[in-house]
Amino acid sequence: MSSFDTSNIKSPWILHYDTGSCNGCDIEVLACLTPLYDVERFGILNVGNPRHADILVITGAANKRSARVLRNLYEQMPDPKMVVAVGICAVSGGVLHNCYNVLGGVDKVIPVDVYVPGCAARPEAIIDGIVLALQKIPEKRKLLKSREAKTA
Amino acid sequence: MFLNSGNTVLIVFMAVFVAPLIGGLLMGIDRILSARLQGRIGPPILQPFYDMMKLMSKKPISGTKIQIICVFVYLVSMILSLVLLMTGQDLLVMVLVLAMGSIFFILGGFSVKSPYSNIGAQREILQVLAYEPLIIFYVVAIYLKTGSFMTFKVFELKDPLLYSMPLFVVALIIIMVIKLRKSPFDLSTSHHAHQELVKGITTELSGRHLAVIELVHMYEMALLMVLAMLLFATNLWIGLALGLFCLFATIVIDNITARLTWSDMLRFAWKIGVPITALNLAVIYYFSIIKK
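Sequences listed follow chains R and D, in order.
Residue 1130 in the working numbering is what sits at position 139 of the first sequence, and the numbering runs on without skipping anything.
Residue 104 in the working numbering is what sits at position 100 of the second sequence, and the numbering runs on without skipping anything.
This list has only true hints and no planted wrong ones.
Okay, the calculated beta carbon distance ranges per label pair: (1) V20(D) <-> K1099(R): 50 to 58 Å; (2) D1119(R) <-> I45(D): 15 to 23 Å; (3) Y289(D) <-> F995(R): 52 to 60 Å; (4) L161(D) <-> D1119(R): 56 to 64 Å; (5) R263(D) <-> R1062(R): 29 to 37 Å; (6) N1063(R) <-> Y289(D): 57 to 65 Å; (7) E1115(R) <-> I26(D): 36 to 44 Å.
Hint data in this document are derived by calculation from the structure and do not stem from the laboratory.
Ideal Cβ positions, reconstructed from N, Cα and C, are used throughout, including at glycine.
Chain D with its partners taken away, still in its complex shape (with noise of 0.2 Å):
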């Protein structure tokens, strides 16, 4: 269903243009529901567009060279990753690809001299190391039962994942928290308001590099979304509704907690979201070695 090329390149195409549409989208009905939590009324929907459009009309101030080029690998390597998965691609390569944009990102946080975005760059390395087992573990149990890593072999399933895999729903919470830099775990940067070394691994970004940054996370919120749908490949509206569920759960923790330390972050994500999604996996081996 998702490999014949008509389709590939209509895939292709909403993975590049529609999905940070989407992602915008969704970043401003978070800081919407944000306000709201907080009794505020808060901005317009559209509020994350015209953050980027007037970071572009800047006139930036760099840092350095390394870092504008480290800022648009992670640019296309999210992109790349967005299509990956969404053209029914290797997941295994789609982490990959992943990671290496974080990388790229961490890169050019560290190639800058403000200690800011130094002691940020560390923090970075550290929330890929607390989400990246989670998602390997996640990709894992999709293997385990569809027995391929292709994502398109998901849609050929009867039942949806959710059904053998439940606690995967708790597993992408911490991921969603880790990976979007939500309160407790807004470490390495911080979104909205919130300052945390000055800005984190982005305070030498300025003007359109920063608008980069800002496009990333839209892209990265879409692609949440469809790691969501995955759970769910039957009914992608139910699924849709699942990874809305997650990003809710999400917001609402970020509004009720306070930010820890980055030992606390590595601590939950191994010693509850390691073992959560282990357990999860072990009871799925359990039942495909008994119907074998």
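With the rest of the complex left out, here is chain R (with noise of 0.2 Å):
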């Protein structure tokens, strides 16, 4: 593993936006970073500017007013990015999937790397989900210089 890989586990900055869930999640998102779960240990932090995310954690259903935001923060985001799905409405669409506006899980409109289902989802579930995206960034890495090597 090259020190680039290292340093971008050792270093996720999180962007998290909320689709229109019902702030559980949201909830739960913030409680990681208090002094109980701590995940600045980690090295994690939550930024507030897509330019500076790396992973994108969304909670809530995509509905079709939110979709256009989500997918201009994700367009936002600098390579290599990762999203994670929080809660089940972010997953699936949970208990509003058949509603009129919504669209369905958070994939319906952007790629999502990690699913962390629950309702809402626990602290520690969102952490494993976090850990799992930062373990899949290496090959992520790889697939970008891939594609681009075809590209160019």
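If you follow the hints, you should be able to join the two separate chains into one complex; please do so.
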């Protein structure tokens, strides 16, 4: 593993976006930052700027209003980027799946790398999901490189 | 002592390559200390280096070309001012080079369309306006004591500057809080997981361009340490301890205060910082007249 891969794993900056959840999962995401779970010991920071973010954490089902914003945020993040869908609504739409304005899970709008089900997802599960996303980053870097080589 | 040629090469090498390593370690200590003050464990001490390596490996989405050029000018001027300071050159030139870098950083912030970046740049101007008089007074006080603007004259003094300019320790802490963009004055951009105007003046920077800004912060940290060391130039270890004390005070202030507005910052720096330093200046001047 190159030093770039190591530092990618050691310093994930997270952007959190709520596509329309009930705030249950949002509270659990924020709970990860508190002294009890303290995700900063893994170098994880919560940033508010997609340009600085590495991992997009989404809570809530994708709906017609938020899909455009979600796509915009995803496109503004620099590669390699990972997407973690937190909560059953973000995974599949959950109880809201057959609402008239709901498209379904977040993966209907942007590609998702890790699914963290739960209502609400527990902080431990969210941290597990992010660790899983981190393990996939070297793979993704390789994929991006090969794709770049093909287009060049 | 500072100007013989073999030494100079070594000192320039230290300023360019060793100083950012020390600055990065200090940033790591800063993050651990902040976490401990908040009842958390905090990241590893090498975290700033991991952050920088990660940013280097990312594909940047650039705002404008002008901003990228400005960011690199900011880096070069910061390195240059540290080299000038450490090789014992003119302090006034050092301050001007430092200000030039800040101005390019601000121009870069203005060159992009993002309103967050623009407001951040405007606030950065105000931050420069707040700390610049304090640095100038610091330099003037050193001039009054040594009779020269050259830094190496400080090392020829018998008594350390601290004995005659004790109030400048307070000024240094104020400079550090504003210059390192710590609470309550983290207005133009912010550190750690704080957010202000999204990310203020650095909003449009990403990937390796943001890594350059991180690198500048490392040099900045080292520069402020050297500035503090000048106060106790007869024994640089005590000088370093003094610098670390100032940094520790800055971190504590960062963690116990909430963000204030830009007008509060100006009022604080000009109504408290400037009179304190001016008082110290007046005392130094009075004693220099008596001596004559």
